[in-house]
Amino acid sequence: MGRFFQSDLFYNLVPLLVTAALIFVVVRARRQPLWAEAYRRIGRNKIALTALGVICLYGFVALLDSIGSTDPKTQTRRTLLDRVFEKEKEKTYSAPGARMTTGEPIPSPLKAPGTHLLGTDGVGDDVLYRTLKGCRTAFIIGGLTSLIATPLALCLGLLAGYFGRRTDDAVQYTYTVLSSVPSILLLIALILVLGRGLLQICLALGITRWVGLCRLTRGETLKHRDRDYVRAARALGVSNARILARHILPNLLPVVIISVTLGFSGLILSEAILSYLGVGVGAEIGSWGNMIDAARDELARDPVIWWNLTSAATALFVLVLAFNIFGDALRDAVDPRLRSS
Amino acid sequence: MLRYVLRRILYAVPILVGVALLTFVLFYASASPQSLARRNLSTRNPTQEQIQQWLKDHGYDKPLSVQFKNHVTGLLVFRFGKSDATGEPIWNRIKQGAGPSGLVASLVFLTGLTAAISFAVAVAYFRGTYVDYFGTFLCVLLMSIVFIVYVIGLQYLLGKILKYGPIAGFQTGIAAWKFVLLPVVIGVLAGLGSETRLFRTFLLDEINQDYVRTARAKGVGERAVLLRHVLKNALIPIITSTVAAIPALILGSLVLENFFGIPGLGSYLIDAINSQDFAVVRAMVYLGSILYIVGLILTDIAYALVDPRVRLE
Amino acid sequence: MPPLLQVENLRTYFHTPRGIAKAVDGVSFQVEQGKTLAIVGESGCGKSITALSLLQLVPEPAGYIEGGRILFEGRDLLDLTWDQMRRVRGDDIAMIFQEPMTSLNPTFTIGYQLVEAMTMHGKFTGAQARQRAKDLLARVGLQDPAQALRQYPHELSGGMRQRVMIAIALSNEPKLLIADEPTTALDVTVQAQILALIRDLQREQNMGVLLITHDLGIVAETSEEVAVMYAGQIVEYGPTSAIFHEPRHPYARGLFASLPARGRRGQDLATLEGIVPPPTAWPPACRFEPRCAYRWDTCAQVPPKYHPADSDRPVRCHLYDPEIADRPARGAAPIAKEPVAPDPTVEAAR
Amino acid sequence: MRNVSFIATLAVFALTLAGCNNNPYPAGESTSNVLYRTLSDDPKSLDPSVTYTVDEAQVTDLIYPSYFQYHYLKRDPFVLQLNLGAKEPVREPYVFTDKHGKTVKGERYTFTIKQGLRFQDDPVFPGGKGRAITANDFIYSFKRIADPGVHSPVASFFEDKVVGWKEYAAEFEKKGKAHYDASLPGVQADPRDPYTFRVLLNQPYPQLRFLMAMHFTTPIPREAVEKYGEQFALQHPVGSGPYLMSEYRPKQRIVLIANPNRHPEFYPTEGQPGDREAGLLRDAGKQLPLAQKVVFNINKEAVTSWNLFQQGYLDAAGVGNTNYQQVIAKAGMLTEEMKRKGVQLKRDVQANIYYIAFNMKDPVVGGYTPEKRKLRQAISLAIDSQAFIDLFSQGIGRQAESIIPPGVFGYEPEYKNPYRRYDPDLTRAKQLLAEAGYPNGADKKTGQRLILNFDNSATTPAGRQLVGLVTKQIERLGVKVESRSTRSNVFQDKVNKGQFQFIRYGWFADYPDPENFVFLLYGPNKRPGPNASGYDNPEYNKLFVKMRALEDGPERLAVLRQMRAIAVEDVPWVYINHDEDLSLHYDWLLNVKSHPIANDTTKYRAVDVEKRAQMQRAWNRPNYLPLIAIAGLLVVGAIPAVSVVRQRQNRRVRRADAPEAAAAADSNNNGKASH
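Same order as they appear, the protein sequences are chains P, D, B and G.
Numbering-wise, the first sequence is residues 77 to 417 according to our numbering.
Numbering-wise, the second sequence is residues 2 to 314 according to our numbering.
Numbering-wise, the third sequence is residues 30 to 379 according to our numbering.
Numbering-wise, the fourth sequence is residues 27 to 701 according to our numbering.
Worth flagging that the hints you see were computed from the coordinates, not collected in a lab.
Because the structure is a prediction, the values reported are computed rather than measured.
Keep in mind that a hint or two might mislead.
In silico PhoX-like pairs for lysine-lysine, Cα to Cα no more than 20 Å straight-line [as the list claims (entries may be wrong)]:
| id | chain 1 | residue 1 | chain 2 | residue 2 |
| --- | --- | --- | --- | --- |
| 1 | G | Lys552 | G | Lys387 |
| 2 | G | Lys192 | G | Lys125 |
| 3 | G | Lys572 | G | Lys131 |
| 4 | G | Lys203 | G | Lys192 |
| 5 | G | Lys312 | G | Lys100 |
| 6 | G | Lys200 | D | Lys57 |
| 7 | D | Lys83 | D | Lys70 |
| 8 | G | Lys498 | P | Lys187 |
| 9 | G | Lys131 | P | Lys165 |
| 10 | D | Lys161 | G | Lys326 |
| 11 | G | Lys387 | G | Lys523 |
| 12 | D | Lys179 | D | Lys161 |
| 13 | G | Lys203 | G | Lys253 |
| 14 | D | Lys57 | G | Lys203 |
| 15 | G | Lys365 | G | Lys637 |
| 16 | G | Lys131 | G | Lys113 |
| 17 | G | Lys498 | P | Lys167 |
| 18 | P | Lys163 | G | Lys498 |
| 19 | D | Lys57 | G | Lys201 |
| 20 | G | Lys367 | D | Lys164 |
| 21 | G | Lys498 | P | Lys165 |
| 22 | D | Lys161 | G | Lys367 |
Extracted from the complex, chain P is given alone in its bound form (with noise of 0.2 Å):
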């Protein structure tokens, strides 16, 4: 069993998993009258389409770099994006198709010049290469971490919201302290803990993002416990459980997706400031607040080494925005009086 989750199967299954149960959820969903109304507006907005289809493309750039197979000469997994990619290194920076190196005291020829439409990196690799690979790291930080914190929000906040008391006031108590920790100290606490690494970042920013949504379930949990309907399923003798799962829950779910998905770009944006404060993604994993971060030192060479930066940079701000205007355009679209914050 511990081979199989090794194995190259294990690594593709999980992405095409993931992707396949995001296609059918996101099918079926259009078949609930609310979800359809939404995907009617939706449909109409064609800022909000290009936005979603911009997210596709990253989501599917991330889908490549996910599906993959370990060589058998060197022992190491490459994925798909490797291989549309598989260039020999350069030896050191070069602008975008440009024919030379530039970092190096004596410029040399490059082995694939005018080939690197983005330039290259301190070690040759491809700039587009490396900000490509940075969007499957985006999509884990912020899939990985919704699905760490959405469960346990929604868990904590339906039980306090419905059973209250001792297990609100429990729930309450513990959120309000975590909250009080500015988040950005309880993440540099927990990774400093936890080390270094994509799951730690995830349970790390997972632990400390709860809360919000968690607020938010017991709020709208405490609302429908009193609505008729509950106290009806409660008078015919339905079980505590099935209350929560068949009655509760569907509500509540259009104010969790959306603000899921509007807390997608923050979990995206914070994967950059950590980078920075050095309690990000390991330097092997390729990131864009890695590449950054590197544009420090980068921007003070002269020449200066801007591509990077605006590689990584662009890249992490067009998928933001995308993000912020699709979920804008989701909650107008869901409950037009919803809002952010």
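With chain P held as given, fit chains D, B and G onto it using these hints.
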């Protein structure tokens, strides 16, 4: 009023205890004191005695329960102990760093708030026109740029190319303005997009209220409606949202101070992160929470001042 | 001498995602000095929008005045610039609204809001205004005016707030008062007091009053003339007594039939079937046609003209149009007698 | 009214801009006789018994002088000259019987210091006036090194050599600070002469002279240490050097000013050939220090320092990857731009070595069998030093052939290490690898690819480059390299515990003696001592002990060659390169000659204040054009907004061109609004 404030402070105590508990669990349960000592002793080959000495100096030699007691009581009376890495009393550095940090953070906060409210009012005044659309879109653009890029890019542009201010350094007193100019400008610009956008929605919420119609029916002009009637009401949600800005402020200080060589708490913390100085990080986490809670109390007071519906008793 | 207010063919439209909503669509009426005109109709008929259009307070940018004339003392308000219009509001024409709970700014004291209304038009200095504010509050019946000046709206009851609203409206001695459902949100006893107050003040200051209401009960007591509005148009217009005595338009008939009256005690309350359609989906010809008990084929094809029926009372109905060839005899069809479910909108509006 | 406030805002804004300048120093300071230097971080300590890094020593050595110092100008060999010492120490044989009854042939050094030396003025002394320095103050600093509570990094240099040291040090545990009153048997005062003390050694130790040139053996006032406690280390140093600390702001700056109590010291009157021409003897015979004040800017980011240098706010800067291309044109020459700015370039050979160390205890790469040796030899042959030099030293520096760097006795430029002959085809390396049992990088028995773990602290982009380079080079053998990156302190911990396979490391000379390098492979120095790879070859160890006692000369060279031959064959290290130091300074900074060992050279430096001030002004004129342009754009952008306001003010509800046609309007109602 006094009683109200006192009660608010009283509410904060269990939360502070909770934070102390949290930090204890985080920091004492995670790293072995032995390895901490090894990392922090400057000697190349620390002997067991030296390690014991270090553990004793930093209070890691006692049983966990005693450590816990010391930790919680120490935090509650602001006794933070000594840095794991340098052995320096943490409180000293906090005292030294609080001034510059406070200066930068408060300037960023106040200027940013003023600027964001002004822009939000302007955008709300032009609501429905292309000024509004353009402004809102600009806000979304601005808030999609990661903070670090603001700092790197603007320091390069304003500091290095255009030479508007020193790239690094700090002086106390009046001379400090020169050193905080660029960090504050950058800090304000970085936060402008999201704040303006948020405040705009607050303002627009209020603009559709009935009392605004009443004011207009009285013959109050559009500008006075916005600046007097709408703004005062919108201040209530704005004040609430400023508490949420405290973590962002702390983050801003972290990055800005490090980039501009301002000797504040931010750069102290970054050093501590890099040297895995748990004692300092612990103290800063706690301090950050206190700041947040104080901010919360101040907000409540401000809230009570602005909104007559809040009862002070 | 021209009437105080003469509205001609006023049209106020809204841009909505589903097209243009013609909320007010060619409304004409007039208000004489010292007299009261009541506009009645169900919710969603465009009464409030008409009132707001007069002061050009229609919610922007969705709503806009498409055309018409609003002659106030012979001057067309629609010709005024934004700034000139601002000076008319609260000074020549004042307005009170139906939601006393939310119509006052919660963060300012009553005194401030009253004084602001007076100083806004430069008629009073600060000190004068404060003195007058106290007098006004006393006049509208507040027990302790000096204290009320210092109070915030949330410290007052609904009735008190509506009195304050009236005080604000009257503070500059307007020539025309627009009262948009001033008593809807109040208790019945308070309602009567407020109406009496308005009537008294009207007499004192010789104001013209435009009363917007769906409550026919108060119309009889307060107004000289009535305009019945349906779906953005006035369907019947005339002296109160005449209309109460004999409503002509089928809608007006339905409306007045639903009014409990001494003479009809013991009978079922007749009610209007159906609801007012949304402004974007008004029937192409006669807008009342789908709900009308008298309708025939023509009603769904030819829009009825608005012209005087007998005795100078304009009615918008084919029944009273001599040019319509196939009209049946007036009043031939009875008002629906079958018991129908109470109209939810009428109920909800109360 | 609005216009007035608008104009006022503009005026305030303009004034703000006019007052704007980017000089980071207090007003007027940079036009005085002050040197601007930079530190990459706050010193961890300025306690002379503890300080070890070069950065810290830059400050410490100016406050704490030693018995000896290095001659500022002379090189090849480096010359030790007396500083606080009055005369050359007397070195005599010292034979005694130890507690096991064994006869030990040791050595006795007698040191005599100058009379009339005084500490800096400080409230800790009677009357606030600096007290006279005696031999006891030197002895006190030896005791501090012995005190385990002080954590002195050089304690291990003495503990096995100075008579009675270990026993004395152990007593601290029991007696605490009071133990300073007890005498250290191996370091004794002369009862007749307060300016003389003796050091007794149980073995010949010629390197003691060098230790007496380091700040560890500076005289320390015991009363100051006891009064200031922890403050003594950073905020309150009390020394006797050319400078004293006048201000310390953590994270900002350390300011040193000339010490009025310093002992008379003069700029050297002679140097090496060429020094006079280079203007290095301009200030010959003048009293030191030449600059009245030294400001150390603490800049964590190298970028910041470089920017400050470019703006003329630092007198000197290093050359690194970030600025190389801007600074150096071809063949190590300065670019025209830099020359125009009056920048001077200094290239200096450094006594240092960078290397890859194998963990000799590791079951895969360690061990002394022929197979294991061949594996390491193969890896050594696969590594191209030039690539490292190109990437990390801007192509400047020498490939290392053995452990001893240039400038140190025992370095032989003509020596070629057979396992450092890089050949791009790797024929020999692959052959050796096959002989080691890994043909084409796969284990002969299992057929599995050999995987090596490269431990590093590469968390920066530059570190990533390093990892990439090492991986790329070794993987050409068919071996797989896995990088294990951790933060530097965790990495240090792993190294100390020997939890690694191979690492890249470096060593900088403490003193210019081969012992300071070859001891890195001396068995007893093994982890967590300086011998990180844990190399332990009895033959090598024996030769080391022999070599240590010898004076420089043919005999010592012969022993060093033997040791080299052993280490080269065993390959505990892959020698990579000896770094050269490139540094820049403006021509207004005078008397610049860098010294690879000495850290107190700042006192010889002078500055042309006027020229500096002039250049600083010229280079730092803010460019307001973009600001004005932005303001202009804003104004242009505001015009439509203003017009919106105007329109609003003057708007009429009725469109002027819409003729009223009541009848038309009435009939308009049909159809349009339907559906």
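Quick rundown of the hints versus the structure:
Of the supplied pair hints, the one linking G:Lys552 and G:Lys387 holds, its CA atoms being roughly 11 Å apart against a limit of 20 Å. Our distance criterion of 20 Å between C-alpha atoms is met by G:Lys192 and G:Lys125, whose separation comes to about 13 Å. Proposed proximity of G:Lys572 and G:Lys131 is supported: the alpha carbons are some 14 Å apart, at most 20 Å. For a cut-off of 20 Å, the pair hint linking G:Lys203 to G:Lys192 stands: about 16 Å separates their Cα positions.
Proposed proximity of G:Lys312 and G:Lys100 is supported: the alpha carbons are some 18 Å apart, at most 20 Å. Distance check on the hinted pair: G:Lys200 and D:Lys57 sit about 15 Å apart at the alpha-carbon level, within 20 Å; holds. Only pairs whose Cα atoms come within 20 Å are accepted, and D:Lys83 paired with D:Lys70 is accepted, the gap being roughly 17 Å. Taking the CA atoms of G:Lys498 and P:Lys187, the gap is near 16 Å; set against the 20 Å cutoff, the hint holds.
Distance hint between G:Lys131 and P:Lys165 is unfulfilled; the C-alpha atoms sit about 61 Å from each other, more than 20 Å. Between D:Lys161 and G:Lys326 the alpha-carbon distance is near 17 Å, which keeps this suggested pair within the 20 Å criterion. For the suggested pair G:Lys387 and G:Lys523, the alpha carbons sit about 11 Å apart, so the restraint of at most 20 Å is met. Straight-line distance between C-alpha atoms of D:Lys179 and D:Lys161 comes to about 15 Å, which keeps the hinted pair within the 20 Å bound.
Simply put, G:Lys203 and G:Lys253 have alpha-carbon atoms about 13 Å apart, close enough for the 20 Å limit, and the pair holds. Straight-line distance between C-alpha atoms of D:Lys57 and G:Lys203 comes to about 16 Å, which keeps the hinted pair within the 20 Å bound. At roughly 15 Å between alpha-carbon atoms, G:Lys365 and G:Lys637 fall within 20 Å of each other, so this suggested pair holds. Under the criterion of a C-alpha separation no larger than 20 Å, the hint pairing G:Lys131 with G:Lys113 is inconsistent with the structure, at around 25 Å.
For the hint linking G:Lys498 to P:Lys167, the alpha-carbon distance of about 11 Å falls within 20 Å, and the restraint holds. Restraint check for P:Lys163 and G:Lys498: satisfied, since their Cα atoms lie roughly 14 Å apart, inside the 20 Å limit. Between the alpha carbons of D:Lys57 and G:Lys201 the distance comes to roughly 16 Å, so the proposed pair stays at or under 20 Å and holds. Only pairs whose Cα atoms come within 20 Å are accepted, and G:Lys367 paired with D:Lys164 is accepted, the gap being roughly 18 Å.
For the hint linking G:Lys498 to P:Lys165, the alpha-carbon distance of about 10 Å falls within 20 Å, and the restraint holds. At roughly 17 Å between alpha-carbon atoms, D:Lys161 and G:Lys367 fall within 20 Å of each other, so this suggested pair holds.
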